[in-house]
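Asker: Sequence:
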Amino acid sequence: MIVYFDASALVKRYVEEEGSALVRDLLTSEPIAATSVISLLELPNVRLRRRERITCNEEERLREGYELQVTYRFAPPESGQRLREADVVAGGQPLLRLLYAPAATIAYINHGWKYECRPQGFLIDLDSGELLTDSAVETPRPASASEATPPESLRLWVWETQDLLLVRFLNPELRENDVVQTSLQYALQRGIEQTFQLEERELGVARLGEGPWKSLLFYEAAEGSLGVLRRLMDEPSALSEVAQSALAICHYNPDGTEQARACQQACYECLLSYTNQLEANLLNRQAIRDLLQQLTACQVQPRLSSHRSEERRSYEEHLAYLRARTQSALERNFLEFLEQHGYRLPADAQKSLAEPRCIADFFYQPNVLVFCDGPPHDTSHQRRIDEQQRRELVACGYRVVVIRWDQDFHQQVRAYPEIFGLSRTARPGS
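Every letter in the sequence shown is one number past the one before it in full-length UniProt numbering, and letter 106, counting from 1, is 106.
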């Protein structure tokens with residue numbers, strides 16, 4: 001049975017009921033105390049009837065239409081899809097927290113007509129599958145239908161599988177400012193569309209959550225995965241390029257000065273569109289100028305966790321953890337090289353394996369073992385031991401990468417971009 005939980009302090013989402021088991025929020029790991037449980041009816045196919053005298057005014061249709069909501073669910077852990085977190089840092093100050101979830105389920109829930117006094121939902125005849133109007137409900141039913149199932153009020157929903165990216169403010173003042181949230185929502189959407197040459201309907205965005213979990217939800221609305229949201233996590237300059245595009249769209253030069261013929265707060269050349277006219281009072285390009293300028297010089301620093309702990313650490317915290325576990329000068333030098341040139345950091349150091357029995361210098365999720373071979377590994381005896389041991393590791397399903405002390409780190413790392421990623425700009429002071 002599919003149920004939808006409205007948890008006041010958490011990001012709203014739907015979950016699957018598992019008997020009487022306590023359901024936990026997948027983002028915060030907190031138990032979800034449901035203040036309301038809402039029954040949903042999936043709507044895969046519909047049959048329509050022609051209706052006369054409908055309005056063609058899009059603004060009027062949106063104003064008088066349905067109350068729609070976008071929710072999500074992460075892919076189950078057994079699917080092998082892993083959540084990835086990162087901090088967006090500018091000038092040494094964390095601004096945003098990113099969470100990328102591949103192959104997530106995006107659900108669109110229709111709660112019923114807007115501005116109606118009666119309870120939300122739609123009256124559904126469960127015998128025929130018809131959606132009933134108020135007049136149809138009030139019509140006396142024939143005696144033959146006395147034993148039929150009474151109509152039930154249900155919310156309608158459809159779903160699809162897409163990649164998503166959650167963007168959360170770390171500054172409480174910005175997080176609680178609806179003007180900043182809404183303006184940044186559409187500025188980043190326009191910036192992503194322009195940077196990656198997307199059509200307007202290929203990228204969806206919604207505001208979700210309450211309190212510290214207020215987030216902007218970006219999801220790929222096109223058929224199949226475009227890979228755009230993943231690039232914001234992987235590519236060194238992707239998010240800063242998006243911010244530069246958004247700044248220009250909002251009529252600002254790179255230095256923050258006004259462009260010629262700039263609007264006052266929002267216009268149809270920057271933040272306004274025919275789909276967000278009802279939010280015009282929450283759009284103000286001036287409210288996000290400074291934030292966009294900071295994002296043009298930002299760095300996306302992944303948050304990592306080791307196999308010893310599920311707790312995710314900031315980039316600096318994880319780097320300190322790895323440094324404390326290194327046991328040779330070569331390991332420390334290699335770790336410093338990764339940090340200085342912005343390559344991905346290992347998930348763990350000194351990873352102990354039971355079979356075959358060995359200790360890898362570094363470990364990358366899900367199955368990559370990195371060995372840093374110094375001069376002691378150049379003897380013929382040690383080479384035979386290493387070769388035998390590493391053949392056994394490969395047979396057990398591990399991928400083995402050897403970093404040599406007498407070869408250039410740059411060349412060795414560039415041979416494995418799928419493991420170490422692309423080099424980012426060196427951080428100040430590195």
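Incorrect hints may appear among the rest.
[To be verified] Across the chosen pairs, the derived CB separations fall in these ranges:
{"id": "1", "residue 1": "Lys114", "residue 2": "Pro150", "range": "23 to 33 Å"}
{"id": "2", "residue 1": "Pro356", "residue 2": "Ser273", "range": "29 to 39 Å"}
{"id": "3", "residue 1": "Gly65", "residue 2": "Ala354", "range": "58 to 68 Å"}
{"id": "4", "residue 1": "Pro44", "residue 2": "Thr257", "range": "27 to 37 Å"}
{"id": "5", "residue 1": "Pro356", "residue 2": "Ser39", "range": "17 to 27 Å"}
{"id": "6", "residue 1": "Pro44", "residue 2": "Gly397", "range": "37 to 47 Å"}
{"id": "7", "residue 1": "Glu176", "residue 2": "Arg325", "range": "16 to 26 Å"}
{"id": "8", "residue 1": "Lys114", "residue 2": "Ser273", "range": "28 to 38 Å"}
{"id": "9", "residue 1": "Cys267", "residue 2": "Ile54", "range": "21 to 31 Å"}
Don't read these hints as lab results, they were simulated from the structure.
Ideal placement from N, C-alpha and C gives every residue a C-beta, glycine not left out.
Asker: Could one say that the CB atoms of Lys114 and Ser273 fall in the range 28 to 38 Å?
Answerer: violated, 20 Å
Asker: Is 21 to 31 Å a correct range for the gap between the Cβ atoms of Cys267 and Ile54?
Answerer: Given a distance of about 30 Å, which is inside 21 to 31 Å, the answer is holds.
Asker: With respect to the beta-carbon atoms only, verify the hint that Pro44 and Thr257 lie 27 to 37 Å apart.
Answerer: violated, 52 Å
Asker: Indicate whether the distance between the beta carbons of Gly65 and Ala354 respects the range 58 to 68 Å.
Answerer: holds, 60 Å
Asker: Starting from the hint 37 to 47 Å, judge whether the C-beta atoms of Pro44 and Gly397 obey it.
Answerer: About 39 Å separates the Cβ atoms of Pro44 and Gly397, which means 37 to 47 Å holds.
Asker: Given a hint of 23 to 33 Å, does the C-beta separation of Lys114 and Pro150 actually sit inside it?
Answerer: At 26 Å between Cβs, range holds.
Asker: Does the Cβ-Cβ separation between Pro356 and Ser273 fall within 29 to 39 Å?
Answerer: 59 Å Cβ-Cβ, so the 29 to 39 Å window is violated.
Asker: Given a hinted range of 17 to 27 Å, is it respected by the beta-carbon distance of Pro356 and Ser39?
Answerer: Violated - the Cβ-Cβ distance for Pro356 and Ser39, about 53 Å, lies outside 17 to 27 Å.
Asker: Given the hint of 16 to 26 Å, check if Glu176 and Arg325 actually sit that far apart at their C-beta atoms.
Answerer: violated, 40 Å
In summary, the numbered hints that this structure violates are 2, 4, 5, 7, 8.
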